[in-house]
Amino acid sequence: MLLFFITVALIFAAALVGPEEQSLGTNVRIVYLHGAWVLAAEAAFAAAALTGLAGLLLRRTGLHRWSGALGRAGILFWLTYLPLSLWAMQANWNGLFLAEPRFRLALIFAITGVLLQVGLWLIGLDWLTSAANLAFFIVLRVTFATAEYVMHPPPSPIFNSGLWNVILFFGLLNILAFLAAYFLTRVFLSLRSNRSKPSGG
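If you count by my numbering, then the sequence shown holds residues 1 to 201, one letter each, in order.
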């Protein structure tokens, strides 16, 4: 947990000194942070789906537990990305557009994801956790692939910008966010292992 908080502190410190942008100025730093955070959530969901699929095919308990831990880390990143999204809206567009299609979908998946992960934790069936994480990721990707863009720019505006200082900085921010997600996953993995141990006495 300490490594997770240290990495998060590094992410926010790096975001404070990120390169400015001509239109958004220093407010673009919030966009960098918001972008890295949601990509870390999506990466965790993707990893949960892939390890879950591998666990179902290979019938490996260890892979099921990794899927569960990754899914829980992903939903925490997804939940905390929402206030970052609101902050980015307010700072860059001077208002909150809560009916924005992609934000509305993100909120729906946040509520659904939390309920799903809590339910899976309480049920405690490894294979069901893997199957649910796989299904959740597929539905998430299909839904967002067809969602309308309003305030959100088209995919990869940073990577398609041609500004190498911005691309390299955002890439570094993503690496740190992925690292934070990994450390959080290890926390959930250790909690799951401790839960599985029989109590003494």
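Hints in this document: simulated from the structure, not taken from any laboratory.
Note that CB positions come from ideal geometry on N, CA and C, so glycine has one too.
Possibly wrong hints are sitting among the right ones.
Pairwise CB distance ranges (calculated) [stated by the list, open to error]:
{"hint": "1", "residue 1": "P19", "residue 2": "L57", "range": "19 to 29 Å"}
{"hint": "2", "residue 1": "L86", "residue 2": "R60", "range": "32 to 42 Å"}
{"hint": "3", "residue 1": "L163", "residue 2": "R141", "range": "25 to 35 Å"}
Okay, the hints, checked on the actual structure:
| no. | hint | result |
| --- | --- | --- |
| 1 | P19 to L57: 19 to 29 Å | violated (44 Å) |
| 2 | L86 to R60: 32 to 42 Å | holds (40 Å) |
| 3 | L163 to R141: 25 to 35 Å | holds (28 Å) |
When the structure is compared with the earlier hints, a violation turns up for hint 1 alone.
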